[in-house]
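Undergrad: Top line first, the protein sequences correspond to chains A and B.
Quick note on numbering: the first sequence equals residues 1 to 304 in the numbering used here.
Quick note on numbering: the second sequence equals residues 1 to 304 in the numbering used here.
Don't read these hints as lab results, they were simulated from the structure.
It is possible that some hints are incorrect.
Any copy will do: because identical chains look the same in the list, a pair fits if it lies in one copy or spans two.
[Stated by the list, open to error] Once the Cα atoms are required to be at most 25 Å apart in a straight line, the calculated DMTMM-like pairs of lysine to aspartate or glutamate come out as:
#, residue 1, residue 2
1, Lys53, Asp92
2, Lys210, Glu145
3, Lys268, Asp235
4, Lys140, Asp231
5, Lys53, Glu14
6, Lys262, Asp27
7, Lys304, Glu145
Keep in mind the model is a prediction, meaning the values are calculated, not measured.
So the chains spell out like this:
There are 2 protein chains.
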Amino acid sequence: MGMRGKTMRAFKDELNWCAGEIEKALDYFLPGVQSRQGVVAQAMRYSTLGGGKRVRGVLVMKFCQACGGDPRQGLPFACALEMIHASSLIHDDLPCMDDDCLRRGKPSCHVAFGEANALLAGDALINLAFDVLSSEESVKAVGAENALKAVNLLSRKVGVDGMIGGQVVDLESEGKSIDEETLEYLHRLKTCALIQAAAALGCIAAGASKEKLQLALHYGDALGLAFQIVDDILDVTGDVAQLGKPIGSDSEQEKTTYVTLKGLNGAKADAAQCTQRAREVLDALGLEEGFLYEFTDMLLNRTK
Amino acid sequence: MGMRGKTMRAFKDELNWCAGEIEKALDYFLPGVQSRQGVVAQAMRYSTLGGGKRVRGVLVMKFCQACGGDPRQGLPFACALEMIHASSLIHDDLPCMDDDCLRRGKPSCHVAFGEANALLAGDALINLAFDVLSSEESVKAVGAENALKAVNLLSRKVGVDGMIGGQVVDLESEGKSIDEETLEYLHRLKTCALIQAAAALGCIAAGASKEKLQLALHYGDALGLAFQIVDDILDVTGDVAQLGKPIGSDSEQEKTTYVTLKGLNGAKADAAQCTQRAREVLDALGLEEGFLYEFTDMLLNRTK
Numbered sequence: 001m002g003m004r005g006k007t008m009r010a011f012k013d014e015l016n017w018c019a020g021e022i023e024k025a026l027d028y029f030l031p032g033v034q035s036r037q038g039v040v041a042q043a044m045r046y047s048t049l050g051g052g053k054r055v056r057g058v059l060v061m062k063f064c065q066a067c068g069g070d071p072r073q074g075l076p077f078a079c080a081l082e083m084i085h086a087s088s089l090i091h092d093d094l095p096c097m098d099d100d101c102l103r104r105g106k107p108s109c110h111v112a113f114g115e116a117n118a119l120l121a122g123d124a125l126i127n128l129a130f131d132v133l134s135s136e137e138s139v140k141a142v143g144a145e146n147a148l149k150a151v152n153l154l155s156r157k158v159g160v161d162g163m164i165g166g167q168v169v170d171l172e173s174e175g176k177s178i179d180e181e182t183l184e185y186l187h188r189l190k191t192c193a194l195i196q197a198a199a200a201l202g203c204i205a206a207g208a209s210k211e212k213l214q215l216a217l218h219y220g221d222a223l224g225l226a227f228q229i230v231d232d233i234l235d236v237t238g239d240v241a242q243l244g245k246p247i248g249s250d251s252e253q254e255k256t257t258y259v260t261l262k263g264l265n266g267a268k269a270d271a272a273q274c275t276q277r278a279r280e281v282l283d284a285l286g287l288e289e290g291f292l293y294e295f296t297d298m299l300l301n302r303t304k
Numbered sequence: 001m002g003m004r005g006k007t008m009r010a011f012k013d014e015l016n017w018c019a020g021e022i023e024k025a026l027d028y029f030l031p032g033v034q035s036r037q038g039v040v041a042q043a044m045r046y047s048t049l050g051g052g053k054r055v056r057g058v059l060v061m062k063f064c065q066a067c068g069g070d071p072r073q074g075l076p077f078a079c080a081l082e083m084i085h086a087s088s089l090i091h092d093d094l095p096c097m098d099d100d101c102l103r104r105g106k107p108s109c110h111v112a113f114g115e116a117n118a119l120l121a122g123d124a125l126i127n128l129a130f131d132v133l134s135s136e137e138s139v140k141a142v143g144a145e146n147a148l149k150a151v152n153l154l155s156r157k158v159g160v161d162g163m164i165g166g167q168v169v170d171l172e173s174e175g176k177s178i179d180e181e182t183l184e185y186l187h188r189l190k191t192c193a194l195i196q197a198a199a200a201l202g203c204i205a206a207g208a209s210k211e212k213l214q215l216a217l218h219y220g221d222a223l224g225l226a227f228q229i230v231d232d233i234l235d236v237t238g239d240v241a242q243l244g245k246p247i248g249s250d251s252e253q254e255k256t257t258y259v260t261l262k263g264l265n266g267a268k269a270d271a272a273q274c275t276q277r278a279r280e281v282l283d284a285l286g287l288e289e290g291f292l293y294e295f296t297d298m299l300l301n302r303t304k
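Please model the entire structure based on the sequences and the hints provided.
TA: The structure is reproduced here in structure tokens:
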């Protein structure tokens, strides 16, 4: 990547600072566990705090900053994204979906809290995301009009024409061999939609122009595809201890992936191409160097 | 009930008109089934359209009217409420929850579409509710500020301290004998919260004062409890063909209900008392007669 040691340190410091701010804000917005329904709050906290790369939350903060805002203005939006993401993982892991017992190196939510509580914790996290977007804190940071824009954009990127639609196509494709066009369609919805929402919500938090919002959506599309292709590659080449989830689970489930369709080298070339596309959008946004550039590289070169 | 024939007809006409408007608006806001993820749109439509009493949607429209608005101003909010309600029924019926195979006289969503699609249809309906609240149509009808207020109020009444919290307490109470205070706590969350949200969203749609909003919340609390107690009574005395769900499912699951705690007559007295409390709030709102008064009576005297 050719980064000098100094730049590298600055990048990692910045990344850790963002992740730390997101963690603190999540802790603030998540419900306390002292009520009679405390078990569901525990399940929500278990699946949302203390883990994950915070890709979506970091994108919100840094796009907000790139559009001239204070990155902390984006914190309520960042938390909403992370809550939606956590809810999707909880529901994805349920026995009636992927039936995964391990997530981020620890038992899945339904293994730890039971299926019913996991179902309700996921539902509650979706609701809490919209609670946070429309909260006093959010309105204070970005104004009521931008908060409402965020509600509408996020709900659309999560719904039937977004992430959830992608999960449905994924289910429909199980045990079938699907073509590249269908695979891309499903990942555009399942993975890209929420990453697009992250970049776009950062712009909305800063009150950016429609043109910047459009570029952010393009960036999210390219980065999301690259991210998913790397996921497929890591499912074949990764290390269980680093990944925190079973290796080879895709091929076990006879899933079509970028690797099964195009081979390891073909998938790697695709990931590089998508990353290049993401970089070009950053160039168009006038961000030829700096955090988002390094972040994009980091996601392509990750090993977990 | 002592209503003259003429009043009765006017009431029923009005109720049918509201339900018809809600049905049309739901059809408009629900996604089409032509996409590759069309099966989840089908499941959403199956569980949201063509059934139910539309108690929540009607309350939105009539509280909006009672606060000086056009009842149709409340339609986007009414649809959001009905979508949240439908999603809660879909998830409640899942095998890991109540495991009910019958709903509104037809197979439950997961029986008709499979568990995974039912799970995702419920998730998508929650998201769609917030999409609709923040939609162009909603902003045009009530303004951006009121739309954002509606998002925040609804998300709170659905979340951990609302409906979902009540479902959790309900689960925790299964197979245990609980006291009246706990039963009331759980129904205040599980049932009343969403009915409160309906009345309150009607006020917000009309831009009503904080005082009216507070009265609407009190009304929803009283009506919701009455509604739940009548549900418990009908589970013992009802008719399967009228109810569209199995009779005696509460006692089969050894659930504590108002009837098991206080006997049939005690439960009936409680329901009448709650209804009286709801009526007093309507009086305080200056609605001593008219639709909401009759509606409240109808819900207490229903047989299904």
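Undergrad: Can you tell me if Lys268 and Asp235 fall within 25 Å by alpha carbon in one copy, between copies, both or neither?
TA: within (13 Å within a copy, 60 Å between copies)
Undergrad: From the Cα coordinates, with 25 Å as the cut-off, is the pair Lys304 and Glu145 best called within, between, both, or neither?
TA: Classified as neither; 38 Å inside a copy, 43 Å across copies.
Undergrad: Should Lys262 paired with Asp27 be assigned to within, between, both, or neither, using CA atoms and 25 Å as the limit?
TA: neither (42 Å within a copy, 42 Å between copies)
Undergrad: Within a copy, between copies, both or neither: which one fits Lys210 and Glu145 at a CA-CA cutoff of 25 Å?
TA: both (14 Å within a copy, 21 Å between copies)
Undergrad: Given a CA cutoff of 25 Å, do Lys140 and Asp231 count as a within-copy pair, a between-copy pair, both, or neither?
TA: Neither. Shortest intra-copy (37 Å) and inter-copy (42 Å) distances fail the 25 Å Cα cut-off.
Undergrad: At most 25 Å between alpha carbons: which applies to Lys53 and Glu14, within, between, both or neither?
TA: within (13 Å within a copy, 54 Å between copies)
Undergrad: Since the copies are identical, ignore which copy is meant and state whether Lys53 and Asp92 lie within 25 Å (CA to CA) inside a copy, between copies, both or neither.
TA: Only inside one copy: Lys53 and Asp92 sit 18 Å apart there, 32 Å across copies, limit 25 Å.
Against the hints set out earlier in the document, violations occur for numbers 4, 6, 7.
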